[in-house]
Each structure stands twice: as structure tokens, then as C-alpha cells.
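Read in the numbering used here, the sequence shown has 270 at position 270, and its numbers run on one by one without any break.
Hint data in this document are derived by calculation from the structure and do not stem from the laboratory. Treat the hints with caution; some may be incorrect.
[To be verified] The calculated EDC-like cross-link candidates involving lysine to aspartate or glutamate, where the alpha carbons are at most 16 Å apart (straight line), are: (1) K205 x D82; (2) K168 x E221; (3) K6 x E208; (4) K313 x E208; (5) K6 x D61; (6) K6 x D96; (7) K205 x D96; (8) K275 x E221; (9) K168 x D96; (10) K5 x D64; (11) K6 x D25; (12) K5 x D96; (13) K168 x D84; (14) K5 x D83; (15) K168 x D180.
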Amino acid sequence: MTYDKKVIIIGTGGTIAGRSGAAEDLTGYHAGELSVESLLSSVPGLMQYGPFECEQFSNIDSSDVTVEHWVRLAATVQRYVDDDTVAGIVITHGTDSMEETAYFLHLTVDTDKPVVLTGSMRPATAISADGPLNLLMAVQTVRFEASRGKGIIVALNGYLDCAREVAKLHTTDVATFGNDYFGHMGLVQDGIPFYYYEPLRRHTKYSEFARLGEQTLPQVEILYLYGGIKENFVAAALSQRLDGLVVAGLGHGIIPQRIQSQLSSLTIPIVRASKTGHGMVSPMKNDSLHGMVAADTLTPVKARILLMLGLTKTRHVDELQSMFGTY
């Protein structure tokens, strides 16, 4: 089959572009060493899905990704999807912050074209490197009409996941990406993507944050709670100049009373999330009176992204809570 429209491959670095001096070295490699063009040349059978156009957006370890990277990447993706000659986008990315980059793009890119993030858990030089197959499956996913309108997709290890729900669940396993709460959105079999549900929360072309533009976003940080956390540590964290705060609370986003007393003096919106990584944090009585918003099923890192974007529109906690029920 031949294709008229091109697929854009945007390289950002990560393990998929990593290299080590020993084939058996799976953790002591240097991420972001290989160009996106060299990644394409390493994948048998990939060229039949062309034509391609490549852009080396960055070549870094994804642990070094910043909010400024996200803003610029969203603008870059938007520029390409607005081009009628482009069928879709594949972004090669490190796995450490992939779920966050995916969710940021999920909320800020205005398109129904397929945009797929992929990467690898093993460097390109490793025995049984997983990057080439992941890249092939990502491109195959972009080429199928069924992938339109799904928002930003994460494709690794044969599975397709929605950007809102996907999480990195293991430190080194090639099967690290998924979601134990909702399950995989789909899979790739014999070069064909199969989908079993679609994201119902608002995203991409229906998002009020789409076409964000290159701007400085509000400062939002995460306070991670644990048993016995000291008040003086919390006080030091809260001394920073913040526009919003996400609290990774215990259980159902529970905040110890002595910490709640410290938070009550803040005049910024606060999102209650959970450090458990699974389940819903639902609104509780008097949340809004204390300037608090419940994170719904978003993890703390994704709640931070939505709060940053939400604060570009409003500081009213009831309106922010509505956003957490919408996105």
C-alpha cells in the first residue's frame, strides 16, 4: 500500500535513542545519543509506511524534561498537524516522563489526527532492544483511520494506552506502561491497531486549553505526604512562591489534621490527589471552603498538569473542580 500523506517523526531523546558500550547493559547506558533518522534506519519494514519527515526536537533523558519543553513541543506538534500533507505524528520519548508529556499534549493540541508517543525500556545497543518494534507499531498505529480522534496515544510493548490514564508501572520491565484501574485502550496485532474503548473525558480538539501558544504557565508543585511528615518540612515547601499546589495525600487524598492547619493559611487553589496511584479522589464536604479540589482519578503528576492549565483560565475552585470532572 502507498500513502500520499507523510508521517512526522519527532525525536526527543530517551532510552530509545540510548547507547551503551555493552550489549548486556540495560541500565548503565546514556540516553539521547542517537538521532531520530538513525532510529528509523534500524527498523525492518518501516519504510513501507512512509513517506516520513523527521525533526530532532531534542535529544535528552526524559528525566530532564521541563514545562518549557512541553509548551514548545505542543507548539511544534500543532504546526505539523495543521499541515494538510501530514497524516499524523510519532514522537520518540524517554519513558520516565512520557505519561506527563502525553497528557500535556492531550490537553493542548488541537487535532483529531493520530499523535502517538513511543519509546523503549532498553537502549538501542541492548540485547533484545524493544525500541525498533515499538517504533514500528507506533507508525502502524498512525496509519490506520481507527486511530483518529483518540487523543494522544502511548504505544509500547504491543499495547495502546490513553494519555490520561497511562502510567509507568515498573522501573525496568518492557511491559511497564499501562493502567491497572481501567486497562489498556487497545493493542497492535499483525500490524493492525485494535481498540476496545475510547477516552470519554474531553481532549485535543475539544479541549479549552488547545492552541495554548508559547507562554509561561502558572507555578504548581506537588507536596507528597507520608506517615509522620514533619510540619517544619511542609512549612519550608510552602514558603515557595506558588500559584497552585497538588497534595499527594494518603488513601482517599486524606491530609493529616496538623498539615491541614498549615494549608488553610494558603490563598492558592489546592488539589487533593492520592499517592496510591489508583482509584478516585472524590470531592468531600467543605473542600471548596478550604480552597480544595478533588483530583478525580488523575495521579498527582497529571493533576499538576491540569491545574497548571486550569489556572490559565480561572482561580475559582468550583470552576477548577468542574475541569477535573471534565478532563
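Taking the numbered hints from earlier one at a time, note which ones the structure violates and give those numbers from smallest to largest.
-> The structure conflicts with hints 2, 3, 5, 6, 7, 10, 11, 12 and 13, although it agrees with all the remaining ones.
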